[in-house]
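Chemist: These protein sequence lines are chains A and B, in that order.
The opening position of the first sequence corresponds to residue 0 in numbering that gives the first Met the number 0, with each subsequent residue numbered one higher.
The opening position of the second sequence corresponds to residue 0 in numbering that gives the first Met the number 0, with each subsequent residue numbered one higher.
These are calculated hints, taken from the structure and not from any lab test.
Keep in mind the model is a prediction, meaning the values are calculated, not measured.
Fair warning: there could be bad hints in the mix.
Unchecked claim - Covered stretches of chain A, as calculated for chain B (at least 3 residues, CB under 8 angstroms): (1) 68–80; (2) 167–173; (3) 224–231; (4) 244–253.
We put the beta carbon where it would ideally sit given N, CA and C, even for glycine.
Given next are the chains, with one letter for each unit.
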Amino acid sequence: MTATTSARIREVRRPGAANRRPGTPTALRWELRKLAAQARARYTLLGSLLAPVLLVLVLDGQQRPPKDNIYGRHIHDSGYAMPLLVLGFAAQWVFPLLTALVAGDIFASEDQHGTWKTVLTRSVSRTQIFWAKTVASVLFALSVLLLLAASTITASSLIVGRQSLVGLTGQLLPSHAALPLVLASWATAIAPLIGFTAVAVLLSVVSRNPAVGVVGPVVIGLVMQLAGSLGGLDAVRHLLLTTPFESWHGLLTEDRFSGPLIDGLLVSAGWTVVCLAVAYAVLRRRDITGG
Amino acid sequence: MHPILKAALTGGLALAAAASLSGCGGTGVTRPRLESALAATFANLYVQQAGILGYSGVSVAQIAASAACDKGGPRVADAGPGADWICLVTFTDHKQGTHQGKFEVQAKSNACFVAGGPSKLVGLTTITDTHGNDVPNPVFEFDGCFDPRA
């Protein structure tokens, strides 16, 4: 390149913001655009919107309610019981799977397609790419949660009704008190969901394999469920990422308790920070030569 | 060091550190917590059952329910989750008669429980309300949760 052409390029670029290096928001916008174009992400969002309606219809038609799960026995009594049953069920493996569908793939797909070099030769740093992909995964997870909650609660209150709900101390919660509690219960899933997103990001970065990134968090979630259901492992139970998914129980008892909620927030934050830190360190130190 | 190894090591160390810090151990499912939660839940649901059956003047205070629980017989410590909890529930009915019944309680590690009482005391799965409809009996079998550290 001659001095004149490079000078001309510099001249063309100088005016306005186009001169600056693109920031993390630009990288994030691109990641979101890539997600929006991805069939898997679209279908997941669509499924989160439609599947709960179907589920509520099927459960409502059941003569024998699923009594093994909490609130299963009340699904015909109140439209607020079904969202809580679905919340308890989703925590078992649905939440880890839904977030991992994107977060477990978002780094590894660059390996799979051999596009790391292409992405990094653009004028964004690895740090910016890391945060753009991580934030995109978290936004996707939150969208899925929002859609699931809205769809389940709306479908259930329309199909079953808005009767008063039996609380977890047997007390009756009138409809106007039950709705905020159900919404708050769903909101408690945010923290552990972000935690599972971080686990999926870590697996995605480290394994460089989308299959591991997607299936890994589900398996980890199931193993944690199993460990948490055992007696005598209470110290371990507090540290599991699946325990915060049950912290909403404290909102629905007569004397509310928030200990598990606060612990859940701390534990989720811990998992998120550790997983993201390791993922970041691994990605920074990686020798990207192929692709 | 291989990145996977490093990641596993870091995560493991962090977990172990946190575990040793929190190391309080012990279970959240204890006899006093289960007894008070079971009695409170039973009382609330019994009031609802009385409402369905059309008995008047039944309140939580009037029932004065209490529970005495035991896990797995005298040789087993009365703490921890399990399906072998037996609780003796004592309460006063709407005619001021005192009743006692053994409830089978399945306590879970997440501080929730499922309790079922004897049919001759709490009635069958469904009961007939004042309009003659069969409705689920709220005290036949019920769920409850309690604060694992109250």
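Chemist: Could you run down the list of hints and mark each one as holding or not?
Modeler: Comparing the hints with the structure gives:
{"no.": "1", "hint": "68–80", "result": "holds (count 5)"}
{"no.": "2", "hint": "167–173", "result": "holds (count 5)"}
{"no.": "3", "hint": "224–231", "result": "holds (count 5)"}
{"no.": "4", "hint": "244–253", "result": "holds (count 6)"}
Hint check: no violations occur; every hint is consistent with the structure.
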